[in-house]
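Start from the sequences and build out the full structure, keeping to the hints where you can.
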Amino acid sequence: MLDPVVVRDAVIFSSLLALLSAGLTLTYMTTKVPNFAHGSYATVGIYVVFAITQLLDVSPYLGVPAAAAAGALASLSMYLLVIRPLMRRGSSIVALMISTLAFDLILIALLNIFADVLAEEFKLHSRGFALRSLDFRAFGHPGLFLVAPITLIVVVTALHLLLTKTKFGVAMRAAIENPGLASVVGINVDLVYAVSWLLAGALAGLAGALMSLWCYVGDTQVGSNELPSVFAASILGGLSSVYGAVAGGLIMGVAEVLGTAALAHVLGTWVAPYRPLIPLAVMSVMLLIAPQGIAGLWPSAPVVRRRGSAR
Amino acid sequence: MAPPVNLSFFVDLFAIYAIMLVVTLSLNLEFGYAGVPNFGKVLAVAGGAYVVGYLPGRLAVALLNVGSGMEYTAQSWKIVNEANGILANDPALSLALFGLTLLVAALVGAALGYFASYPAIRLREDYLAMTLLAMGEGIRIVGENYTPLVGGQLPVAVPDPLRWVGDRYLAVTIVLAVFAVLTLAYLELLLRSPLGRTLRAMRDSEDAAKALGKDVVKLRMKVLVVGSAIGAVGGALHAFYLVSVYSSAYERVTWTFWPWAMVVLGGAANNLGVALGVLALVGLRKVITISKWALAPHLPFDPVWLDPLLTGVLVILMLLFRPAGLIPEKPTKTIKMERPLKAAS
Chain Y
17 MLDPVVVRDA VIFSSLLALL SAGLTLTYMT TKVPNFAHGS YATVGIYVVF
67 AITQLLDVSP YLGVPAAAAA GALASLSMYL LVIRPLMRRG SSIVALMIST
117 LAFDLILIAL LNIFADVLAE EFKLHSRGFA LRSLDFRAFG HPGLFLVAPI
167 TLIVVVTALH LLLTKTKFGV AMRAAIENPG LASVVGINVD LVYAVSWLLA
217 GALAGLAGAL MSLWCYVGDT QVGSNELPSV FAASILGGLS SVYGAVAGGL
267 IMGVAEVLGT AALAHVLGTW VAPYRPLIPL AVMSVMLLIA PQGIAGLWPS
317 APVVRRRGSA R
Chain R
139 MAPPVNLSFF VDLFAIYAIM LVVTLSLNLE FGYAGVPNFG KVLAVAGGAY
189 VVGYLPGRLA VALLNVGSGM EYTAQSWKIV NEANGILAND PALSLALFGL
239 TLLVAALVGA ALGYFASYPA IRLREDYLAM TLLAMGEGIR IVGENYTPLV
289 GGQLPVAVPD PLRWVGDRYL AVTIVLAVFA VLTLAYLELL LRSPLGRTLR
339 AMRDSEDAAK ALGKDVVKLR MKVLVVGSAI GAVGGALHAF YLVSVYSSAY
389 ERVTWTFWPW AMVVLGGAAN NLGVALGVLA LVGLRKVITI SKWALAPHLP
439 FDPVWLDPLL TGVLVILMLL FRPAGLIPEK PTKTIKMERP LKAAS
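Chains Y and R, in that order, are what the protein sequence lines are.
Using my numbering, the first residue of the first sequence is number 17, and each one after it goes up by one.
Using my numbering, the first residue of the second sequence is number 139, and each one after it goes up by one.
Be careful, since some hints might not be right.
To be verified - In silico SDA-like links for lysine to any residue, alpha-carbon gap of 20 Å or less:
| id | chain 1 | residue 1 | chain 2 | residue 2 |
| --- | --- | --- | --- | --- |
| 1 | Y | K139 | R | H436 |
| 2 | Y | K139 | R | F439 |
| 3 | R | K430 | Y | L126 |
Please keep in mind that the hints were generated in silico from the structure rather than gathered at the bench.
In structure tokens:
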């Protein structure tokens, strides 16, 4: 049952899910709104890598910086054009959530337009593509097997250093914990929020770039299809700490892949397409027994812990 | 080539309007009145549609002795063809089939609303929204992959309970209009009742409502159950209108996001506003669909993408500049002052 292919898929998927969950949790911690457009930032990354590999004929890994930048741009523009103005008008959290849904729709429409233009003007097969064959191979496995977890470790380390060792990072933590007080001592809370959205978008774009090497059918829905998994991972992590989010993403990813493999082993391969039901089940159970998630379970977290989510 | 604008166009426009109105009104009950953000509206709608995809066909096989020995989803078109032949001559049976299926759809919707909201009903709104959205995705996964339900990746045929009328356009228009009016009437009465005031009190200040002894969690659950039942009826009507069910058609853009866009546009918590919002967006979509013919040659992309693009932009603009909607909610009417004054003196 511990088929090397299954283990490899689990490692890759959970690393990517951890990256996505970290970004979602970061924007949630700062602006208190679950971003339903987060999955589409990853799709932006996928399409940037696709365009770069097909138009410039280079390795997909060279497209990663551009993908991260594109994701960051998408996220920052949503913050500046939608979230910040709504927050300044005192909009309710539901209004903010609807706005993220609306922005997701806009992003997907723009991605589809991009895909159409790529197909029309450049004659590229911009829907239903697979870039897996462009990955390098190492020790008989796709390079992503090494790159994904290493990227995650590097990103988490960098975030940790940012949040604890730099002045701006400490200011970020202060602004997350108590925005009013932080602005009183002179921290530019708006800048902190903007940077956190930028970072979240960059993380998602990065995850998307890597995802393009892993998914079998690349289209404009790939990112938003993962959204239930990302939410489940973030809720598991507790929505109150980036490290919790990473842990939640890893656990959720492993549970999904190994869980499906185990069920397929016991019940038959017909269970495979029902894999998205696993995060739903985990999410429901978590909300019933421990809505604070993992981050709420350990007594002291190096990053801020908010008061529990139950009413 | 001129766009096709004739009687079938208007009947279709009205049908979509009526169905969307039923679904959006149910969302208005949940969010507009009670403040429950149901981001998983598609769950109930899909549930109702899947009941229609499953039940009437199986009943036809069992009762009308058609399609014996055939596997239903593989041969549904053939089976339904035979069944329609019988139903066309039996109005009583057709109506019974229709009514029973709608009832089951409503019950299934209510059950789905209950179980989907259960994990998060006590938690903050954002948790509830995330959970419901995820559950909405879940039902589609089941529908797309469990072929015996509604055919999996292929559409499945539905027996036509209105064939006996002869003029299908007339029958469809009347039936859908009746359901739209019934839903509107029910919700208007609800709005003006003490329960309606309680829901709005809960929405506006949960702590105050709790202090006055209202069981907020139970109310929220009830609202989601009733809202899901109505949403399922909307989905069932859609399936009967199309006389077919395609599992992937019940996705979150059309059946969760659009109703939200219509509520935001028209104005939450007032049904006239919602009716207007539905009209505006259904009309907008039709305009875009028609102007596709004109625009397509000039654009390097498929104009169909303008639809979600413009809708998304419109919703964001409404939220920024007119969050109360086109028709804002009127202040709640309370009982007249004379009664308590008379009682006090």
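Can you name, in rising order, the numbers of the hints this structure does not satisfy? none
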